Amino acid sequence: MALTNPRYLALVLKKVLRDLRQGWLSFGACVAMLALSVSLFLAFNSAAYSLKRSTESNYQKLHFLDFTLLVSNISQSALSRVSQIPGVASVQGRATSSIKVLLDPPSVPEFRSRSVDGLLIGLPFDRRPEVNDVYVEKGRYLSQARGEALLEARFAKHHNFQLGDSIRVSTFNGERRFSVVGLVSSPEYVWMATNPFDPRPMDKRFGVVFVSDSDAFSALGGSFYNEIHVRVAEGEDAESVQTVAEERMSPYLRRSSISREQQPSHALVLRDERAFQGLAAFFPVVFLTLSSVTLFSTLWQLVSRQRRQIGILMSQGCSPFDLLSHYLILGLIVGCVGTVLGVLIGVPLGHLATKFYTRTLGLPFVEIITPVTSLALIVLLALGLSFLAAWTATNRVLKLDPIKALRSEFKEGWAPRSETLLDRFLPTRLKFGLRNLLRNPGRTILSILGIAVSVAQIVMTLAIFDSQNETLGYYFSSVHRYDFEVQMDHVTGATSLPHVASWPETESVEYCLRRPATLVFNGQEVRTNVWGLEPKNELLRLYNKRGERVYVSSEPFLFMGPVQMERLGVQPGDAVTLSLNRNNADAPVFRFSIAGALHEPLANPPKLDLALLQQISEKSEEVPPGGINTLLVKAKPGMAEALQARLDAEEQFRRYSSPAETRDEVESLLRMLNASKSLILAFTTIFALVVLLGTTTMNVLERSREFATLSCLGVSDTKLASLLLIETVILWFFGFLLGLPAGIALGTEMMNSFQSQLLQLDLSLGLSNVFTTAVVSLLVCVAALLNGLLKLRSLPLTAATQDRFE
Amino acid sequence: MSTLVRFENTERVYQLGERHVQALYPLNLTIDNDEFVMILGPSGSGKTTMMNMLAGMDSPTAGHLYVGNEEVSAMSREQLVEYRRQNVGVVFQFFNLIPNLTALENIQFVVELTGSSGDAHKALEAVGLAKRQHHFPHELSGGEQQRVAIARALVKEPPILLGDEPTGNLDVATGQRVLKIFQDIHKEGRCVIIVTHNRAITAAATRVITLGDGKIRSDEKNPNPLPAEEVIW
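Residue numbers (this note's numbering), protein chains in the order written: chain A, 1 to 806; chain B, 1 to 233.
No lab work stands behind these hints, which were simulated from the structure alone.
Some hints could be false.
Label pairs and their in silico Cβ distance ranges [what the hints assert, rightly or not]:
#	chain 1	residue 1	chain 2	residue 2	range
1	A	469	B	119	26 to 36 Å
2	B	19	A	771	52 to 62 Å
3	B	117	A	721	35 to 45 Å
4	B	77	A	786	11 to 21 Å
5	A	6	B	16	49 to 59 Å
Here's a subset of chain A near chain B, in silico, CB distances under 7 Å, partners left out [said to hold, decoys possible]:
#	residue
6	248
7	250
8	355
9	357
10	440
11	713
12	718
Computed from a prediction, not measured in an experiment: that's the story for all the values here.
Here a beta-carbon is modelled for each residue, glycine too, at the ideal position from N, C-alpha and C.
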C-alpha cells in the first residue's frame, strides 16, 4: 500500500490539508458539531458522576441513614435492640413532630400564607448524632439543652432568618420560640422534599428546624423517640439488616420502614442522576448524528467534485484503495480535531455544571471527577463515527470505473423501464420530481428520514406542550374554582367559625373535611388523605373521563382518579376498607366501593361525601360532630386581595393556599422541562436543516450538468428553482406523512414514561399544532434548499454542460 | 439574406490565478441568417469559446457581439436567459438528455419550462423519431439520442442552431444521418453553426471558419456543400 511510503504520505497529507482549506466552512461545521457532542457528553456524564460521588461523600461524612424505622414511642434503652443486630453500624433515635413555622409578618412578598408546614427534629445537644448529622454552614451546633435551633439553610435564606433571630413554631403542645444558632444542611434534605413523587421545590414552603432532644420531646409531649435511623456497617446488605430490624422491632412499628431509596430527598437525587445521564445520552446522540451526516455529505460532495481527478489518478496507476485512504484520512482528521476540542471544552464544562448544581442543592462536600471510561467511550465513538461517515460517503471510489470517471456523461441513475399509464396523466414537472426521487434512492430515503425524524420530534414536543396546557387548564380552571383553600389546625364545628359566607368579599364558601386514612385492597395498603366534600360541590368540581360532572354520593362510594386507583390496584366496583385513626390499631374499619374513575391527572386524595366522612370520623377519632377543617372560598370579582386581608385578620384562617400559587409552582417546575423541550425543538430543526442542506446540495451538484443544459436551453433560474422546490415538497410530504404518526407514538411513549404516582397525562395534539408542524417543517425544507439554489445560480454553464467544473 | 451575427473586436481572456489566457483575440466577423457555418480548429483554438458566447453561456471581456439587433455582450444574466430562450438552440456532444424523461418528455419539458409554443410531437417527427417517443434515453442509440437533442433544440424554433461537436460521439453512419438533419434544417432557412475539430465534416457546410490560437486563420465559402451521406471520415 502506497501509504507506507513516507513521501507519498506527505503528499497525501498536503492534499488533504488543501481540501480541508477549500471546504473549511463545511468541515468547520463538522468539527464544531463533533466538539459540541463530545463536550456535552463529557459535561453531563461528569456532572452525573460527580453528583453521585458528591452525594455519596456527603452521605458518608454526615453518616446518612440506610433505613428508618417509624416507631411509636420508644425509649432510649429500646434502641439497643436495634444496635445489637449484626451488621448495624450505628443507631440514632429521633423525636420528630410536624409543626407550623410562623412567619409574621410574611417574609416573602409573593408568599401569601403567614405560616408554613415544617418539621421539628430532635438532635443530641451534647454530641453530634451518629446517624444523619448536619453540616453547619453558618453559626454553631447546639450547645444548650433548651431554647436553641438550627435552621435548614435554604429555608433560612428564603425567609431571611439570620443567626440570633428568634423563630416561632406551632406544635401540638402549643407555640414554642427558639433562638437560631446555626444554619445547616442535612443529608436528609439534599432535595428539600417530603414526598418522593412531588418534585416541586419546597425550600420556601417547608421549614426544617433542628432542636435539642429535650425541646423535641417537649413538643411531642413525652420523652420518647418516634423514629429510629440506622446505618449499616460497610459491606453488609442493608436490605437484610432492615428486614431483621423490622422483625425485631415489630411491636413498636407504626408502619413499614423506609429504605434509603425510598427516602424522598435521596429518591429525587437519584432521579436527577438519571436525568443527567439521560441528557448525557440525548444531546450527544443528536450532535453526533448531525456531525456524521454533515461529514458524510461534505465528503460525498468532495468525491463528486473530484470525480475526474480520481479518474485521472486511477488512469495513472493509483489503486482505488490508496485514493480512498486519502478521504478516510480527511474524515479522521476532522474526527480528531473535533474530539480533542470537545474534550478540552467538555471537561471544564462538566466541572462548572457540577459546581452549579451542587451549589443549588447546597451540598457542602463536592467531588468533581471526569470518569475515564466516559472519556474513552466518547473519544472512540466520535472517531469511529467520523470514520464510518467518511467510509460510507467515499467507498464508492472503490467501485469507480476510471473511464466513467473521466468521461463526461450524465450521472447514471434510476430511470423507469417503460412509461406507465399513470405517467401519461401526471403533469410533466410533477412526474419529473417523482422520478428524481427514485434516481438516488439512498439520498431520498435519507432526506425523508431526516424530515420524518424532525417532524416526529416537533410533533412530540408540541403534543407534550399541548397536553401540559390542557391539563393545567383543566385542573386550575375547571376543577379548582375557588380562590383560597383555608386549612385549619384542628377539626372544628362549622358553626363555631366566623361566617365567611356573609363577608362582603365572599362569593361562595364550601366546607370540607380532610382526614389521614389508610385504604386497604387485597392486602395492598395505601396511606393517603381522604376528602369529604359537600354533595353539590361547585368550588372543587369532579369530572369523569368523558368530561361529565360527578357528584359525591351519600352511599359508601370512594371517588378517585387513575393515579390513586393504580397505587391501590383497584378498578371501579372493587370493595376497599378505610380506617381513619392511623395511631390506633383498633380503629374501626369501613367498607367502601370504588366509584367510576375521575378525570384527575394529578394524584389528588380520594373523595367521599362530607356527611359520611364526618360520621366515620366521629366513630374513629375525637372530633366534634359535623366538624370540618378546610374551607374553599371564592372571592367576588376583583375582591381577592380584600378577602385575603380578611383571612389574614382571622387567627384560625392564617394558613391558606391558592390554586394560583400552586399553578405558579407547577409552572415554574415545568419551565425547566419546557426549556429542555424548546432545546429539543431547536436541535430538531437544526437537524432537519443540516440533513436537507446536505442532500439538496448533493442533488444539485450531482445534476449540475442537467440543470446547466436546461439553463442553456433558455430555462430561467426561477423555473429551475421551482423544479427543486417541487422535489423538496414531495420529500417533505412523505417525511411529514411518516413523521406525524411517529411523533404521536413517541409523545405517547414519552407521556407513559412521565406517568408517576403524582401525575398522569393523556397526549393531546391540537390541529393548530399539526398545522404549525407542517408549516415549520416545510419552511425548514425550503430554507435547506437555499444553498442548492445558490449553487444553481452560480453554476458555470460552459463547464457544467460538459461536467468539467470542480 | 441579412447579417444575423456580428463579432466586433470581440475578445475573451481567462484569468487563471495570476496567468492571463487569451482564448480569443479581437475578432471581427459576420454570419448571415442563411448560412451553414462550421468553425474548425484544434483544442485551444478558441472555437468552443466562440460558440459559448454565441450560446449566451459566456460573455466577451472586450468588444461586442450582436445577434440580430441585440448586443448579446451587454446583456444581464436575466436577459441572457431570455436570449437563449428566443434565439438559440444548442446541441451538445454528449446529448445531455435527462435520463428519467422519455424522448417526448425531454422535449415537452423544455417547451413547458421555456413557455415556448413549439410542438414536441412535430419536433420529434422532424428528426424521424415519432415511433420512439415513449422511450427513455437508455433505450435509444447514440444517434437517436442526438436526434432527440436536436429536436429539443429546435422545438423553440430559434433562428440559430448551435452544435458543439454534435457528431463527435457518433459512428460515421449515425453521424451522417445527424449531419443530414442539420443540412435539412439549414435548407428550411435557419442559420446553423457547428463547432468541430473534424475537418472532413466541414464539406457539408456552406462556410468554414478555421481558428488557431484564438485567431481566424481562414474563412472560406463553400458554394457546393457535399450531401451529408457523401461525407466520409
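Outcome of the hint check:
Checked against the given bound of 26 to 36 Å, the beta carbons of residue 469 of chain A and residue 119 of chain B, roughly 60 Å apart, lie outside it. Separated by about 57 Å at the C-beta atoms, residue 19 of chain B and residue 771 of chain A satisfy the suggested range of 52 to 62 Å. Hint check: residue 117 of chain B to residue 721 of chain A, Cβ distance near 24 Å, so the stated range 35 to 45 Å is violated. Distance hint check: the CB atoms of residue 77 of chain B and residue 786 of chain A are about 18 Å apart, consistent with the given range 11 to 21 Å.
Separation of residue 6 of chain A from residue 16 of chain B is about 32 Å and departs from the stated range, judged on CB atoms against 49 to 59 Å. Given hint, residue 248 of chain A at the interface with chain B, is violated; its Cβ is 83 Å from that chain's nearest Cβ, farther than 7 Å. With 7 Å as the threshold, the beta carbon of residue 250 of chain A stays out of range of chain B, its nearest partner Cβ sitting at about 81 Å, so the hint is violated. At a threshold of 7 Å, the smallest CB-CB gap from residue 355 of chain A to chain B is about 54 Å, leaving the interface hint violated.
Using the Cβ-Cβ criterion of 7 Å, the hint placing residue 357 of chain A at the interface with chain B is not satisfied: the shortest such distance is roughly 56 Å. Annotation: residue 440 of chain A was flagged as interfacial toward chain B, and the flag is violated, the nearest CB pair being 11 Å apart, outside 7 Å. At a threshold of 7 Å, the smallest CB-CB gap from residue 713 of chain A to chain B is about 5 Å, leaving the interface hint in force. Checking residue 718 of chain A against chain B: minimum C-beta separation of about 9 Å lies over 7 Å; hint violated.
In summary, the structure is inconsistent with hints 1, 3, 5, 6, 7, 8, 9, 10 and 12 from the numbered list given earlier, while agreeing with the others.
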